[in-house]
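Q: Residues in the sequence shown are numbered consecutively from 2, following the numbering used here.
What the hints contain is simulated information worked out from the structure, not anything from laboratory work.
Don't take each hint at face value.
[What the hints assert, rightly or not] Once the Cα atoms are required to be at most 20 Å apart in a straight line, the calculated EDC-like pairs of lysine to aspartate or glutamate come out as:
no. : residue 1 : residue 2
1   : K124      : E147
2   : K51       : D85
3   : K199      : E122
4   : K15       : E42
5   : K188      : E285
6   : K232      : D116
7   : K174      : D75
8   : K174      : E35
9   : K188      : E244
10  : K3        : D219
11  : K3        : E99
12  : K273      : D219
13  : K288      : E181
14  : K15       : E35
[Claimed, not checked] Between beta-carbon pairs, the in silico distance windows are:
no. : residue 1 : residue 2 : range
15  : K155      : E35       : 36 to 44 Å
16  : R151      : I123      : 17 to 25 Å
17  : L291      : D131      : 38 to 46 Å
18  : K51       : G157      : 15 to 23 Å
19  : L33       : D219      : 24 to 32 Å
20  : K269      : S40       : 32 to 40 Å
21  : S40       : G191      : 36 to 44 Å
22  : L260      : K51       : 42 to 50 Å
23  : K155      : L33       : 29 to 37 Å
24  : G191      : R151      : 48 to 56 Å
25  : R151      : P58       : 22 to 30 Å
26  : R151      : I254      : 39 to 47 Å
27  : K117      : L291      : 31 to 39 Å
28  : S50       : T256      : 42 to 50 Å
No residue lacks a Cβ here, since even glycine has one placed at the ideal position from N, Cα and C.
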Amino acid sequence: MKIVITGSESFVGKELIKQCRDHQIKVIGFDLMERSDASYEFHRVDVRSKKIDRYIPEKVDAIVHLAALSRDSDCRDKAYECFDSNVMGTLNVIRAAEKRKAGQFIFASSEWVYDKFIGNEIKDEDALIDIANHTSEYALSKLVSEANLRQTYKHGFCPITILRFGIIYGPRKTNWSAVESILSAVKNQGEVTVGSLKTGRRFIHVSDIANGILKSIDLPEFNIINLVGNKLITLRELIEKSERLLGKRVTVIETNPSLISLRNPSNKKAKKMLNWRPLVGLEEGLKTLLPFV
2 MKIVITGSES FVGKELIKQC RDHQIKVIGF DLMERSDASY EFHRVDVRSK
52 KIDRYIPEKV DAIVHLAALS RDSDCRDKAY ECFDSNVMGT LNVIRAAEKR
102 KAGQFIFASS EWVYDKFIGN EIKDEDALID IANHTSEYAL SKLVSEANLR
152 QTYKHGFCPI TILRFGIIYG PRKTNWSAVE SILSAVKNQG EVTVGSLKTG
202 RRFIHVSDIA NGILKSIDLP EFNIINLVGN KLITLRELIE KSERLLGKRV
252 TVIETNPSLI SLRNPSNKKA KKMLNWRPLV GLEEGLKTLL PFV
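Construct the entire structure; sequences and hints are all you get.
A: In structure tokens form, the structure reads like this:
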């Protein structure tokens with residue numbers, strides 16, 4: 002099997018390449034960053050380049066499109082730059098995939114496409130999304146690309162799998178989520194500051210994300226699937242598990258206890274369709290971060 006990965010030098014891309022190697026899957030990677038791993042074929046190319054199809058083999062098994070401005074802070078108040086990269090870049094990769102007759106298109110979307118969660122409400126992939134509720138350029142760019150992919154599929158494009166990633170954490174030096182940030186604060190500072198300790202997310206380890214991508218290869222037709230953790234993890238739980246792991250106690254400053262933010266997308270569809278489930282629990286996941294915080 003041979004796949005193309007855009008954003009191959011990203012956090013998820015590197016882990017995916019590692020797991021591809023373990024499964025004897027050949028990889029062709031595209032990125033604007035310099036390659037850090039010489040074990041795979043690499044092309045330094047922008048996903049917006051009209052020449053990108055030159056580097057895609059005819060009838061490649063799948064294209065995994067990870068490349069994007071993937072942090073909300075990179076997109077906020079920068080709608081042109083965000084949509085140019087995330088929407089127009091995706092359309093360009095779709096065009097190249099059509100030209101090279103790719104077998105499948107796998108798109109990295111985000112749980113942020115879901116709008117308001119009320120209380121402990123759980124949302125699955127069929128939940129209605131009101132675009133008027135969104136103020137995030139990043140979330141809007143993912144929603145628009147999802148719509149473009151759906152439309153392209155209706156016009157005869159190859160099978161499409163849209164994966165809505167949860168909040169990803171894992172061993173890395175920068176671009177931390179709340180998981181890495183809190184563990185670092187517990188380890189290196191005497192206090193941790195949060196908004197509400199009851200705020201929670203279905204955090205998911207990067208290795209489980211990569212495994213979910215691999216399990217989605219060869220999925221037929223058009224599908225949208227959440228790849229998120231098994232349960233809500235609150236900031237309180239994160240702090241307490243970090244303290245136990247490190248054998249430390251810290252002062253916790255809660256700046257806005259009543260402003261509770263819960264995002265609770267379901268992963269039942271992924272478990273059923275992909276035979277996938279998160280394998281890295283929070284305690285085990287925190288241990289993988291220790292050399293980096």
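Q: Run every hint past the structure and note whether it holds.
A: Structure-based check of each hint:
no., hint, result
1, K124 <-> E147, "17 Å, holds"
2, K51 <-> D85, "14 Å, holds"
3, K199 <-> E122, "15 Å, holds"
4, K15 <-> E42, "13 Å, holds"
5, K188 <-> E285, "16 Å, holds"
6, K232 <-> D116, "19 Å, holds"
7, K174 <-> D75, "18 Å, holds"
8, K174 <-> E35, "17 Å, holds"
9, K188 <-> E244, "8 Å, holds"
10, K3 <-> D219, "12 Å, holds"
11, K3 <-> E99, "17 Å, holds"
12, K273 <-> D219, "15 Å, holds"
13, K288 <-> E181, "11 Å, holds"
14, K15 <-> E35, "12 Å, holds"
15, K155 <-> E35: 36 to 44 Å, "39 Å, holds"
16, R151 <-> I123: 17 to 25 Å, "23 Å, holds"
17, L291 <-> D131: 38 to 46 Å, "41 Å, holds"
18, K51 <-> G157: 15 to 23 Å, "22 Å, holds"
19, L33 <-> D219: 24 to 32 Å, "29 Å, holds"
20, K269 <-> S40: 32 to 40 Å, "35 Å, holds"
21, S40 <-> G191: 36 to 44 Å, "43 Å, holds"
22, L260 <-> K51: 42 to 50 Å, "46 Å, holds"
23, K155 <-> L33: 29 to 37 Å, "31 Å, holds"
24, G191 <-> R151: 48 to 56 Å, "50 Å, holds"
25, R151 <-> P58: 22 to 30 Å, "26 Å, holds"
26, R151 <-> I254: 39 to 47 Å, "45 Å, holds"
27, K117 <-> L291: 31 to 39 Å, "36 Å, holds"
28, S50 <-> T256: 42 to 50 Å, "45 Å, holds"
Violated hints are absent here; each numbered hint is respected by the structure.
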